[in-house]
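Trainee: One letter stands for each residue in the lines below.
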Amino acid sequence: MEGVNVDNPQSAGIGRVRAWRRFREKAIETFFLANGLFAVLVLLAIFSMLFTEGWPALKRVPFGEWVMSTEWDPTSPVRESYGILALIVSTLMVSIGALILAVPLGIACAAYIADVAPARVREIVKPVIEILAGIPSVVVGFFGLVVLGPLLAKAFHAGNGLNGVNGSILLAVMALPTIMSVSEDAIVSVPQELKNASLALGATRWQTLMRVTLPAALSGIVASVMLGMGRAIGETMTVLMACGNAPAMPHSFLDPVRTMTATIAIELGETVQGSTHFHSLFVIAFFLFLMTFAVNLVSDIILQRVRKRMGGA
Amino acid sequence: MKKLMILALATGLSLARPAAAQQMIQVKGSDTMVNLVQRLAEAYMEKSGKAAIAVTGGGSGVGIAALIQGQVPLANASRDMKEKEYAAAKEHGVIPVEIAIAVDALSVIVNESNPVKSLTNAQIGAIYRGEISNWKEVGGPNLAISLYGRQPSSGTYVFFQEFILNNKNYSAKMKQMNGNAQILEGVKSDKGAVGYVGVGYLFDENHQVLPGIKALEVAKNAKSSPVSPLIAENVKSGQYPIARALYQYTSGKPKGAVKDFLAFELGPEGQKIVQEEGFYPVAGKSLENNKKAGF
Chain A
1 MEGVNVDNPQ SAGIGRVRAW RRFREKAIET FFLANGLFAV LVLLAIFSML
51 FTEGWPALKR VPFGEWVMST EWDPTSPVRE SYGILALIVS TLMVSIGALI
101 LAVPLGIACA AYIADVAPAR VREIVKPVIE ILAGIPSVVV GFFGLVVLGP
151 LLAKAFHAGN GLNGVNGSIL LAVMALPTIM SVSEDAIVSV PQELKNASLA
201 LGATRWQTLM RVTLPAALSG IVASVMLGMG RAIGETMTVL MACGNAPAMP
251 HSFLDPVRTM TATIAIELGE TVQGSTHFHS LFVIAFFLFL MTFAVNLVSD
301 IILQRVRKRM GGA
Chain B
314 MKKLMILALA TGLSLARPAA AQQMIQVKGS DTMVNLVQRL AEAYMEKSGK
364 AAIAVTGGGS GVGIAALIQG QVPLANASRD MKEKEYAAAK EHGVIPVEIA
414 IAVDALSVIV NESNPVKSLT NAQIGAIYRG EISNWKEVGG PNLAISLYGR
464 QPSSGTYVFF QEFILNNKNY SAKMKQMNGN AQILEGVKSD KGAVGYVGVG
514 YLFDENHQVL PGIKALEVAK NAKSSPVSPL IAENVKSGQY PIARALYQYT
564 SGKPKGAVKD FLAFELGPEG QKIVQEEGFY PVAGKSLENN KKAGF
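Chains as they are written, first to last, in our numbering: chain A, 1 to 313; chain B, 314 to 608.
Because the hints were derived from the structure by calculation, they are not lab data.
Be a bit skeptical, because a hint or two may be false.
Claimed, not checked - With a straight-line Cα cutoff of 30 Å, these simulated DSSO-like cross-link-like pairs (lysine-lysine) come out: (1) A:K59 x B:K403; (2) A:K59 x B:K397; (3) B:K481 x B:K598; (4) B:K504 x A:K154; (5) B:K481 x A:K59; (6) B:K527 x A:K154; (7) B:K395 x A:K59; (8) B:K501 x A:K154; (9) B:K449 x A:K154; (10) B:K486 x A:K154; (11) A:K59 x B:K486; (12) A:K154 x B:K430.
What the hints assert, rightly or not - Stretch by stretch, here's where chain A covers chain B in the computed footprint (C-beta under 8 Å, at least three residues): (13) 395-406; (14) 463-470; (15) 473-486; (16) 503-514; (17) 526-532.
Ideal Cβ placement from N, Cα and C applies to all residues, glycine included.
With the sequences and hints as input, model every part of the structure.
Mentor: As structure tokens, then:
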């Protein structure tokens, strides 16, 4: 009796619920798709904006001059020159210098916190290092200007100490929390079984760390290094304050350097809108974008390879 | 009696609507002038109690660009406006009016330990163009010259390039510092340094020359005798070769609170503050120019 009467409305109800569910699934799916597309759209918009704003300058100045000439002097009363090679080299120099300092330190620190340190030390040290990331870049730059600069000047007899080394050290401090934190997460997420197996085979803790844990966490570590590199290349205020800003081609780390970001920040305020100088700053930004894009792309490719080798982990 | 009544009426009116009279004046531009104009503004605000004035730096070019784009009614500039900027102003419907408020003796400074005492205009030019790169070439020790200068947005950068470098390029090795104070810091800690700053930046609060630096005497050419920028007489007489006017630009003929402020700056109180800050009062041809602008 129950079955007969109730059967129809109930199945209709179930149908309605199912339809609603299907609709909801679809809606959520579309929502996420829209979000993903929006991110891509923003990226494309920035890319095309940089290109269209830079195009008038690219058209007026031969392409060879941009990438081959080391002479950047757009306000010159003699001949306006738009060579950004020295700026690119300077940017790469301070970024790579920063990585040379920050990567070994960051990974060692991460390995210590993840694998060696007692829980209590870990609970204190990790947040403290992460606080480093919260220091505003202008404060870091100020530190470079008034503390590190005079120190370097004394130690190396290098002018006033505002140079590539100063910038590299400061950028290393800024990239360190990123590298440490992301690496540490990667090392912690290595399965305990792998380590146990290694220890059971008679390996020491050091051997286990170096030959099992770190290689297994490599994809995360590489990602952390790339994130750190991205941070270093894009940083503006710190390098503007601490690097001396001479637009000449640097010959050593002790030369004052002027990065791409600093050039844009220094000069954008006073250019007349629509002038070649104005548009040339977008060309610099465009090249900067290409560089960070390349860094991300390469890191992605490395990650893919590592994942494949590790068996899809 | 009638006069008194008008006065009373005027005071009454201005008292009756203090809120309406309270006006925010934004002043932007030259880093050389930012401290000076800040002090002038403070003194003016205390005296009149009417206007609120906010002074920011960034460089003469930045101030002029802001004036052209209508963001500020008053721009500080330590150089003349360029042809290009006048053209851009016209496009934006702005007619800039130039008022000189002080005179600056642009000072060439070196580290205290440097035995070089004086240079000629031509030598300074050659040093900044990178043609002279060692102090021994100008009678000093065998020490590489380390160049400190300003950024292209700075009026001092442009003025120096025009009058000392004869419109040639700066050496690319020049460290482009962000303001006078940074140049002072650099020169203080760098034995081979040479830099240029507004004369007002050479003194501390007690009107003593800052420790660690030395202002060079400058000679117009090899024949004339070098003179110091620290002595007012040298600047007034025109003997010191790197003197320049410090300007404020308004959009159109100054009126209202802006005009009131300018009149204060050019009055005896304002010009006294100018001298207290280490600069020199407006004189000569600039005064006539100011007259044309209504002062």
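Trainee: Do three or more residues of the region 463-470 of chain B come closer than 8 Å to chain A, measuring C-beta to C-beta?
Mentor: holds (count 3)
Trainee: Can the restraint linking A:K59 and B:K397 be considered satisfied, given a maximum Cα separation of 30 Å?
Mentor: holds (21 Å)
Trainee: A:K59 and B:K486 were given as a pair; does the straight-line alpha-carbon distance stay at or below 30 Å?
Mentor: holds (28 Å)
Trainee: Sort out whether A:K154 lies within 30 Å of B:K449, counting only the CA atoms.
Mentor: holds (22 Å)
Trainee: B:K395 and A:K59: Cα distance at most 30 Å?
Mentor: holds (25 Å)
Trainee: B:K486 and A:K154: Cα distance at most 30 Å?
Mentor: With a Cα-Cα distance of about 20 Å, the restraint between B:K486 and A:K154 holds, given a limit of 30 Å.
Trainee: Are the Cα atoms of B:K501 and A:K154 separated by 30 Å or less?
Mentor: holds (12 Å)
Trainee: For the region 526-532 of chain B, do three or more residues have a beta carbon lying closer than 8 Å to a beta carbon of chain A?
Mentor: Contact hint for the region 526-532 of chain B vs chain A: violated, 0 residues under 8 Å.
Trainee: For the pair we were handed, B:K481 and B:K598, check the Cα-Cα distance against 30 Å.
Mentor: holds (28 Å)
Trainee: Is A:K154 close enough to B:K430, meaning Cα to Cα at most 30 Å?
Mentor: Holds. A:K154 to B:K430 sits at ~25 Å (cutoff 30 Å).
Trainee: Would the pair B:K481 and A:K59 pass a check requiring their Cα atoms to be no farther apart than 30 Å?
Mentor: holds (26 Å)
Trainee: Cut-off 8 Å, C-beta pairs, minimum 3 residues; does the coverage of the region 395-406 of chain B by chain A stand?
Mentor: holds (count 3)
Checked against the numbered hints listed earlier, the structure breaks hint 17 alone; every other hint is satisfied.
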